[in-house]
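Residue numbers (full-length UniProt numbering), protein chains in the order written: chain A, 1 to 363; chain B, 1 to 363; chain C, 1 to 363; chain D, 1 to 363; chain E, 1 to 363.
Calculated directly from the structure, the hints in this document are not laboratory data. Treat the numbers as computed from the prediction; the structure is a model and nothing was measured. One or more hints might be untrue.
Because identical chains cannot be distinguished in the list, a pair is counted as satisfied if it fits within a single copy or across any two copies.
Stated by the list, open to error - DSS-like mimics (lysine-lysine), calculated; alpha carbons at most 25 Å apart, straight line:
#	residue 1	residue 2
1	Lys22	Lys66
2	Lys133	Lys203
3	Lys203	Lys22
4	Lys66	Lys136
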Amino acid sequence: MARKIPSKIGLKVRKPRQRRRKIGKAPGTITYLGERSGGTSSIDLLVYNEDTYEKSTLERLEDLEKTPGGTTQLVNVVGLSDESVMSRLGQMAALNALTVEDIVNTEQRPKIDEYEGYIFGVFKMLYLNGDKKIVKEHVALVLQQDRVYVFQEIAEDVFDGVRQRLEAHTGRIRSRGADYLFFALLDALVDNYFLVLEVTEDKLDALEDEVYLKPNSETAFRIQQLRKEIISLRGWIAPVRDLITRLIESDSPMITKDTRLFLRDALDHANEIHETLQLQREMAFSLMDMYMSSVSNRMNEVMKVLTIMASIFIPLTFIAGIYGMNFEYMPELQWRYGYFAVWGVMGVIFIALIVYFRRKGWL
Amino acid sequence: MARKIPSKIGLKVRKPRQRRRKIGKAPGTITYLGERSGGTSSIDLLVYNEDTYEKSTLERLEDLEKTPGGTTQLVNVVGLSDESVMSRLGQMAALNALTVEDIVNTEQRPKIDEYEGYIFGVFKMLYLNGDKKIVKEHVALVLQQDRVYVFQEIAEDVFDGVRQRLEAHTGRIRSRGADYLFFALLDALVDNYFLVLEVTEDKLDALEDEVYLKPNSETAFRIQQLRKEIISLRGWIAPVRDLITRLIESDSPMITKDTRLFLRDALDHANEIHETLQLQREMAFSLMDMYMSSVSNRMNEVMKVLTIMASIFIPLTFIAGIYGMNFEYMPELQWRYGYFAVWGVMGVIFIALIVYFRRKGWL
Amino acid sequence: MARKIPSKIGLKVRKPRQRRRKIGKAPGTITYLGERSGGTSSIDLLVYNEDTYEKSTLERLEDLEKTPGGTTQLVNVVGLSDESVMSRLGQMAALNALTVEDIVNTEQRPKIDEYEGYIFGVFKMLYLNGDKKIVKEHVALVLQQDRVYVFQEIAEDVFDGVRQRLEAHTGRIRSRGADYLFFALLDALVDNYFLVLEVTEDKLDALEDEVYLKPNSETAFRIQQLRKEIISLRGWIAPVRDLITRLIESDSPMITKDTRLFLRDALDHANEIHETLQLQREMAFSLMDMYMSSVSNRMNEVMKVLTIMASIFIPLTFIAGIYGMNFEYMPELQWRYGYFAVWGVMGVIFIALIVYFRRKGWL
Amino acid sequence: MARKIPSKIGLKVRKPRQRRRKIGKAPGTITYLGERSGGTSSIDLLVYNEDTYEKSTLERLEDLEKTPGGTTQLVNVVGLSDESVMSRLGQMAALNALTVEDIVNTEQRPKIDEYEGYIFGVFKMLYLNGDKKIVKEHVALVLQQDRVYVFQEIAEDVFDGVRQRLEAHTGRIRSRGADYLFFALLDALVDNYFLVLEVTEDKLDALEDEVYLKPNSETAFRIQQLRKEIISLRGWIAPVRDLITRLIESDSPMITKDTRLFLRDALDHANEIHETLQLQREMAFSLMDMYMSSVSNRMNEVMKVLTIMASIFIPLTFIAGIYGMNFEYMPELQWRYGYFAVWGVMGVIFIALIVYFRRKGWL
Amino acid sequence: MARKIPSKIGLKVRKPRQRRRKIGKAPGTITYLGERSGGTSSIDLLVYNEDTYEKSTLERLEDLEKTPGGTTQLVNVVGLSDESVMSRLGQMAALNALTVEDIVNTEQRPKIDEYEGYIFGVFKMLYLNGDKKIVKEHVALVLQQDRVYVFQEIAEDVFDGVRQRLEAHTGRIRSRGADYLFFALLDALVDNYFLVLEVTEDKLDALEDEVYLKPNSETAFRIQQLRKEIISLRGWIAPVRDLITRLIESDSPMITKDTRLFLRDALDHANEIHETLQLQREMAFSLMDMYMSSVSNRMNEVMKVLTIMASIFIPLTFIAGIYGMNFEYMPELQWRYGYFAVWGVMGVIFIALIVYFRRKGWL
């Protein structure tokens, strides 16, 4: 009987397939690894300070250099597949070739590197799409003295809250420098992890109910899938904790003492996420145990029904068989009430067995 | 057949649902996350030193500043949901916006932060209510030079012992400063964890007896629930150990050498609690093993009954079947004592099988 | 069917019940937590040096101060339940209130604390009583310049060997100072742990044989009990290793270089005990695995018997059933040797099935 | 019934058999441990700098010394079995006897050692052969001021990409020194690990599908084999991470600051590989769990069929047996529609049982 | 049915029984703990330098002092049970009483201690005897400026290779000092561990085949035994790694820089052994998993046979039972071909069930 694998849940464990394109190439070679090749990059520019706020779309890369002094700039690059544009952008922004390589390497694991003149970070942006599915996107941030670069593959992101605060002049975001902007973006990334964890939490709850109420052979598969999903999430989220710690402890002059205080707050959130993931992993693990015990219990139930039915009717059938024998001389057969006596004996046996199984707690 | 999930045991694993309200907001934004919004804050004030003791309820926040010198003050804030009051209180107490944010964030995990002029701690207060159920409350403590703030959501708490010692002038609590008061409150928190662990210990014992005496399909579920409860407790309790260590090792001038000695004692208790939790976790884990072996044993028992019944009566029924055949020429049927001979043969087979099963130890 | 829990093995996992009496009290409050309240304390005094050895029972606490100079004293306090005596003793011995609190706290976990003028240690004394049962007693040691205090609940202890060496002037114990005496007592404590481990080792061996030879439904329970016992032992014994290390590394002038060398030897023993406990724990853990496999094997055996009996006799009964039918026209019934032919067919089937099961290795 | 062990998958767990040849010999004794003894060594020489590139095969060992100054040399030694050649080569290259011993010791685990004048590394080269099988080869690298030695057993290797970049003058490999060449070779080694991990990833996926769709008794064996394979891979690959870290942190003047930057990049890859291996190991582990649950589910299914068939037909057979009895007085037998009434009763029982099993969800 | 425990495999887990003899004694008391008491000690002396080599058996202990200057001496003491001889030897060699205690304590776990004037090490010598069984012997090494003491219980040992190299003047062993000799002995010890690991590797392979091809109820027991054996080996072997590290890092002037280089090589081997042991332990662990899955598979097979036999013949028997009923009016019985029609129906049911089980893959 054909049996189909249930549609896999949301995420896939990272497959290093795309990596293959990079093997044998020199390090620093800019090789786009994503699945959205062929597109172009669009570059948005936000220029602001306490007093001004200006949003524009960059036509030519060269315009980047014309931003006025005394402002902070947010350069938002969407679309990483055009290797030549990325390379030129890297040169204009004075980024190391290794940095640009990591920016376009959508398989790059989260990292923070300090280079001369800038701090560079790669993260996994996780959010829920319209169908409440978890979406994972590669995002790279670069912090320079007055400027933050955001590199992402598609326009949809988790930074709208930050942009709104910039535009609406909420809080003191516009009066603080680029390092605070960098922190605000990072904080937005981390905050969205909470929403993702809610989804896995819900799945865990649903699976727990399924294990308890109607376990079936696909339940084990679903638990396994969820386990893989949680492990993947951990792979993307867990490094962030160390990275923020490194930022806090870094002696880079670009990060002010105030921002370090805020980063400590973000670290707190990262710690909480880390703990929640640990908890979820442990839960998913013990869910399998519970499922196994549930399967055993079900089998016990099946076996009890079989045992009770067989144990009651096999002896009774034996008695009927006795009096179905064709011996010439069987005195009981001639008895007037032999037939009814046999029914009586059977009734007694039946009741005795019922009582026995009751006592054992099987009935 | 409808099967209901047994009412979940006491506690729930932390759900980050409320978090959602904070996502996208600037850090330092004061957002109450608890489930008791709409209430007001009431502020009690205890002013004492070696000689005086005065208890009052604060009508206006401004009165806080009128406390006499040379005294230690305990400011007890009950009700955290009014964000504007909390914000004003934070300004009057010279607390950082991030601190106030953590005070009203009832989902905040335990933490100790040192700021200029004060030490700030968030803890989970655990105690047993009237029904012996475990109650978890968010509590925040602030230690300043002469003053300790206690922030809590509801009036019920574990600090009555401390208040009584203050009022009754028991021991030397009134002659020591605010740091000792801070320690005493912390110590009361930790001491109550022992009571909570007793409850989980009792549940473990009860489950162990259940596994041994009458395991059923809900036992696994109950073990799983207890496991989750213990894991949750660990999440709330475990950080305290590190936090106290950090207090002891802190070089804050607000904590005297004497108080550090007392904190070492509290650390000792925290260590013991930590060990007990580890033990309980291990026990809950091995309980599942034991349950599985118990289920297997029960199944073994069921199978033995089936095997014995079937193995005895199926061969006997076969013999009866033989002599129920209608062949014209079956010599045994004409024998005078054929019928009784068959009974004899059956008896021998019956006894042989009984002996066989006895030897195997199945009967 | 009523089923009883087998009498629990020896030890119980620590229950923090008595703790409750301390909750809400000020730290440093002297609260006896043991189960032997109502008794009195008796104090024995050994005064010795290279040349003299004097043993006496202290009538009045004040006599403690009259011990001659140039001697080492061993003060042995038996019975800790009289809180007022303990408190006075603490004052006379210049012990911190926290120390006295720990001395009478029979639930105190093992610890070593250095105070000014003395080193204080709490340990769990483990030994075998007359019935070869493991006994656990609380013992506290205080090392001062020329004096060692031993606090214990009952007179029976593991220090007789040390006392004999003192009395008999064996080795150089009388020519070394109080620190060596402290070490000797500690060493006696640790040495007795080996005897206790022998007992658990024997239990492990006995259980392994039981699992192999005659596993029953109580075996799992017994394994679980032993696991708990080993975990408890670990909780009492394991800290000793760290405590001795701390003593060796301590810069207290009271511990001479020579004694540190001896302590290194005791550390060696503590390490060995620690490893043995790890081993035993691992063994107890894998014993449960083995038990499970044993249960499965037994079930396999049961199922094979059922399968063989049913598979042989059900088809044969079917054949007998065929010729028990009452159709008017059944040619075989008229055959002269029909009956015997049926026996022949049945015999062939019987033998074929036996051969089949033999081939499968089930018979 | 004979049952064969399925052909083992790809790799074998390291067997220290060859080791035996070394036991009892003095350290520094050059003993070839590989399986390709009897061959000869061929030595290829690449001499290059920014401007020149010359490739030659070394006829005589002595020619090594005639390489022109101002160039970087790559000495590629293929075939390690001739112990006397290796020994002479070691002397000419000024290598310590212990180094040469490790070079020819094909069982040597990965290591990096710094000696005076050179850095020495042993690695496991992993790549896929024509049949997509994983091949493991021993490779040793020596970095001297201007020269890199590569020692390998067979000509096939993973360094062709590096050689092509040298020949084609791609990137800046020819303008950088020997340390960059050393890094490039190391990077090529690490990059190939990704390809190997793809293979194990594929095997994991295939096994997961097998567990889900058609688990059989060989599945467990295959999971076990894959687990062993992953463990072996980890043994060969895992040390590389530490070794690269040591290179980065080494204060050897032979490694320039620039190369350290590149090594950091390689470390990044090594970290990713390490994580992937951890993930795969965890997956292989949980696959066994899933297989067990799958086996239990299958057994449940088998038992349900048995229970349903037996529970339905055993009672019906009993009823038929009743009316097969030969009592003289059985009133039902004379009833006109007795036979059809029995069919009716049987039908009712049949339907009732079907409904019962449906309700239970077994049908 | 009596069932015997299979003869235990090779080694036994360390039993601290002998320890009992030491309890209560003063530390430094020389107490032989081995099982070979009553014997005498024989002392062999090797005196050598670059030019000379002399082997003799010591008649009187005092002759030890007459060894010529400018030589290195290997003092080989066989037989440790004569406590008075050992004590005198200890005094002559200027060994601390604690050292001599450890030398005769055959239960002493591996250790390295540095004393003034000598380095002292205890190890477990493991080798294969004639029957390929693993033999474990206690061996103690003492390194002094010009002399190495080897203490062992019996003459058979793993040092013959070293002695041969000394006698044959192979390599540079005779031109290096006592520290190199110490290293050479240590290296011989470690090298023999490889042979022992081969034996456990073979046992693992054999058990894996047994699990796969013919698992039986003793297989679990054998896996358990092997697990215990591997754990014991780890207990004896694992400390060596740390001990060698300590030797390398020691600042003792007795160990030259050259010897440290060689020790690094030995450390390498110790690391490899450690890894192999970890691997073997993991393998033994997963073997139990595999055994359990194998047992479940076997049970599945048994159940399938039962289910198929019962499911086919129980319905057929029911049909036969129907027509065995004795109702007066059963129209089918009078039909001419009724009997054959019943055979036909049975055949159809039979084939349908066979097809059904085929489809399910059970046949």
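Next on the checklist: Checking an output row: lysine 66 and lysine 136, CA cutoff 25 Å. Within, between, both or neither?
Outcome noted: Result: close neither inside a copy nor across copies, 34 Å intra and 55 Å inter.
Next on the checklist: Please sort lysine 203 with lysine 22 into within, between, both or neither, judging by C-alpha distance up to 25 Å.
Outcome noted: Between. Shortest inter-copy distance 23 Å satisfies the 25 Å Cα cut-off; intra-copy 37 Å does not.
Checklist entry - Under a CA distance limit of 25 Å, which applies to lysine 133 and lysine 203: within one copy, between copies, both, or neither? => result within (12 Å within a copy, 27 Å between copies)
Checklist entry - Is it within a copy, between copies, both, or neither that the alpha carbon of lysine 22 lies no farther than 25 Å from that of lysine 66? => result neither (35 Å within a copy, 37 Å between copies)
Of the numbered hints stated above, those contradicted by the structure are hints 1, 4, listed in ascending order.
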